[in-house]
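Those sequence lines, one after another, are chains H and W. FYI, in my numbering the residues of the first sequence are 17 to 163. FYI, in my numbering the residues of the second sequence are 620 to 1051.
The hints are simulated quantities; they were obtained by calculation from the structure and are not laboratory data. Check before you lean on any hint, since a few could be wrong.
Unchecked claim - Quick list of in silico lysine-lysine cross-link-like pairs, BS3-like style, CA-CA up to 27 Å: (1) W/LYS694 with H/LYS43; (2) H/LYS43 with W/LYS1002; (3) W/LYS996 with W/LYS649; (4) H/LYS134 with H/LYS145; (5) W/LYS846 with W/LYS694; (6) H/LYS82 with W/LYS994; (7) H/LYS43 with W/LYS994; (8) W/LYS996 with H/LYS43; (9) W/LYS831 with W/LYS852; (10) W/LYS1002 with H/LYS82; (11) W/LYS633 with W/LYS657.
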Amino acid sequence: MKNRVLFQQEFEIQGGDFVNAGESSCKIRNTLREIGINSDIIRRIAIAAYEAEMNVVMYAQHGTMKINVYQDNILLIIDDKGPGIENIELAMKPGFSTATEEMREMGFGAGMGLPNIKKNSDVFQITSKVGQGTSLEIKILLNGKNG
Amino acid sequence: MAEQTYFHSIKVDKAKCIGCVTCMKVCPTKAIRVREQKAHINYERCIDCGECLRACPHSAIIPLTTLLSDLNRFKFKIALPSPVLYTQFGQQSMPSEILTVLKEIGFDHVYDEALVCEMMSVATEEYLDENRSPRPIISSICPVVVRLVQRLFPSLCGNILPLEPPREIAAKNLRSETAKQEELKAEEIGIIHITPCSAKMVSINHPESMAKSHLDGAISIREIYNKVMMKLKQEAGLLMMQTQTRISGVGIGWAFEGGEIRGLKYSNTVSVSGLLDTIRILEDVESGRLRNIEYLECLVCPDGCIGGPLTVENRFVAKSNVLRLLRHFGGKRRVNTELVQKLYKENFFSFAWAVEPKSFPPLDADRGVAIEKLKMKEELVGKLPGTDCGVCGAPDCQTLAEDIVRGEAKPEDCIYISRNESQGEKKWRKAR
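In isolation and in its complexed conformation, chain W is listed as follows (with noise of 0.2 Å):
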């Protein structure tokens, strides 16, 4: 089954589960189908959005991201946190002072993500001068998104921006350092982001860009957020000399929509967050709509990363974090321009391949059988109710003619059906 060959970032638990429609009626690809009162992920068609994540009642699905008792197969630990991590802490903890905690609960060595995004706008800044088209370039920061334009914008493949993500980039030039560094081999070391979503856990155990992701795991904000808390309220006012790590302004603008646009050079450029938006937008990307603009950032969290379903503080007040550390630290670069032109042209940060489209099956696989298939299709939504009240098991009227066409579903399943075969059809029609 598909659920061995591609690792997915969130199960159904079975057991807290009841079989109400939520998750099923907010996922975006239509992957989910209530079937015996419970519900069940299509793992082909998701895309590790977290959408159900977020909207279970029941806390039913669960993330499947990396535990703190995993990281014990390693001889040294890095954490790589997410510039989100900063701003979960209320507006009394600093950067440092979180870096530095983390090496109290089990690290042997932090790493500020956010520098390795200063390096990540020079570059991207390469990118686009040197290719005049197609237009808008797709940011390839999250990971969903890369997913969504290979399922449902298949032909927008080539605007994917084709260089590695910071948290990999970071990790990448971390594992040879350290390895230098500590005298230990590659494998003995385990280099952990720190994790707002369960997605980046599907982008490191199936890149699709390269064969093996740099990062060994990810680590969610809400799994070590209680031990954080804790150290940083009993050592309050001990921790700010003690890590000595640069902090980047412009990196940690990128916890939330719009960070990376802001450190382009570029004007005509696009933010947008949330599934819906980035979905629409995507929509008019590929009807020709956006052709001017140079760089279209897409986050499918709510604000960006700082709106992920596994993160702590709330968003609102996490957005007020970032902008209190933005004026902090500054929002220049301080990066070295010429180092990171140099790496760009040895192609430090490009992908080892093209993403490759990954179109939803049509149909049918023969063309006649799926155009006759499709005709089926439009005959059963006429009859088909159209409330889209989803106790059939699927989420709207269409899916489910789509589903029994493809011979998944029967027309019986649809309870207006059902009870009018006893009833007779008459009587609901009018009642309409």
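Okay, chain H solo, but in the shape it has when bound (with noise of 0.2 Å):
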């Protein structure tokens, strides 16, 4: 009864796109409002869905984020087809970060987004496979009646 999901969304995400990065957090955002979660909790989720998206827009060619809201958590996957992360250990040390000049023209690649997605989130997985895509599960718990 736990494990049961309440609820389930879903959405594509285009690499390669900055006009629209950012949407899918933003969808995301509202649902969890109009079902009442936390405004702290929202905004850790919005923070790590924001960063895992733009993830996706800057290094892979494709990708899916889905939310399941659980009774007692919220559990955000994120999959993408994209180069793969070599080192995953490096790529989790703040201030690394594989983002060309141009990306950091636009203010992005500043090396935070693995870091921050983890501080954001209770329990944080990633796997990654070079050449195939990269697999990120972030869960942050909800207590008590109003988490």
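Two chains, two frames, a set of hints: combine them into the complex.
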């Protein structure tokens, strides 16, 4: 009963589409408000979702972002078809980035994406295959009635 | 009803309202519905931005600001004009002349709010230096921005600069000083802000960061405009030397967008004006995109306070007038920095309490039910035409769907649905 998905939404993310980047995380935020999730938790999810979405836009060809709402937690799953990450340990280090000059010009690629996602999640899992893609699982716990 | 517990600065004149959908369409918080050919404002959702007032083609939205005739209840009346007032009377009128004229139309004393803006620049720098996170800090000058954050971006309440705006600080100081000088009781003094918008009335009658405002009311620029203009014309040339008030160039700059950040020593600051752009940038802040920005100035009127709905002068002309005044008075701070730092340490500028989130209610108090309603809502959105025509009385199809699951509207309110019930659903689906 506890592990039943109460609500699910899925979004497509187009790699390289900076124009519409951030839309999925915005929709997720509105959904969570409507079902009465506490604003601090919404903020953590919004930040994690935005960073994850931007990673797909910046590095991958295509990706999906799924949000599952459970009784006691919210799970974000981001899968992309992209270059994959060679050294995950290095990618998790604050400040490390493989962003191009152009991306940095646009204000992206400060090397804080993955560290920031981890900081805002309660459970964070990352798996990646070079040449195939990356998969993130971000779990945020809902505690108590208002969580 | 909410109308009694929470004061708002705008209301619908039911006699003038013809039930068109103009105001409902521009409302950023979707607070307006048209029922039985009249607009109704849901005061729980209203943030007093004045967009409806600006948009209404029938002048049916009325601002509830203080009237000149209300001043009689005070023994001693002080005018505290927004710097915007100086931009409203053409190129020839100087601030000192405008202040002098205010004394001729019923005020006993006038004070240049712009001077306090200089103090606030120093106090804001102190706050930013002392508190290194969160970032960005969001200006608390515009009462609509504060209310917008509380309702649409509740997680950003902690980013709001917890210092009272210049109008409140000026009034606080004026009341104690005037009581001493004129030997009056504090309540005999009426301190009236002269305002370009009605939103100030809300922050006066229902402050979010203290028990009671230091101001006693706000008169709109429109209300006094004709009287001031007449006097300025009649007495042109005679007025120059009468009021020896110090005027601040830095403070006059606060009349339009960027005024606040121009006065700060930090360079990684951002200023935004206009309601939609303010909402957009706050969305970015909530996503964590602007963490590197120290200070964010947001003003919901276009180009800042000179674009307020209760101004008279075209805002582009007003802007040209501000720039001319800035050249005249110079942009250099002349305030006593050490004194301000001392006052800052004594919490002279501080909010009495932090601004609290006031999120809109979820679809249901019970999360399980809310999720069921959300699913119902999504299903309904698929059935509605998506044309956002507004004929149902809700601003768009999404909102009608939400109203239906909340039990406040019926599917048949949609003319597409009610028509199809009689004509068959297929026909219009094909036509789309």
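These are the hints, each one checked on the structure:
| no. | hint | in the structure |
| --- | --- | --- |
| 1 | W/LYS694 with H/LYS43 | violated (55 Å) |
| 2 | H/LYS43 with W/LYS1002 | holds (20 Å) |
| 3 | W/LYS996 with W/LYS649 | holds (16 Å) |
| 4 | H/LYS134 with H/LYS145 | holds (19 Å) |
| 5 | W/LYS846 with W/LYS694 | holds (21 Å) |
| 6 | H/LYS82 with W/LYS994 | holds (16 Å) |
| 7 | H/LYS43 with W/LYS994 | holds (15 Å) |
| 8 | W/LYS996 with H/LYS43 | holds (14 Å) |
| 9 | W/LYS831 with W/LYS852 | violated (38 Å) |
| 10 | W/LYS1002 with H/LYS82 | holds (24 Å) |
| 11 | W/LYS633 with W/LYS657 | holds (7 Å) |
Taken one by one, the earlier hints fail for this structure at numbers 1 and 9, listed in ascending order.
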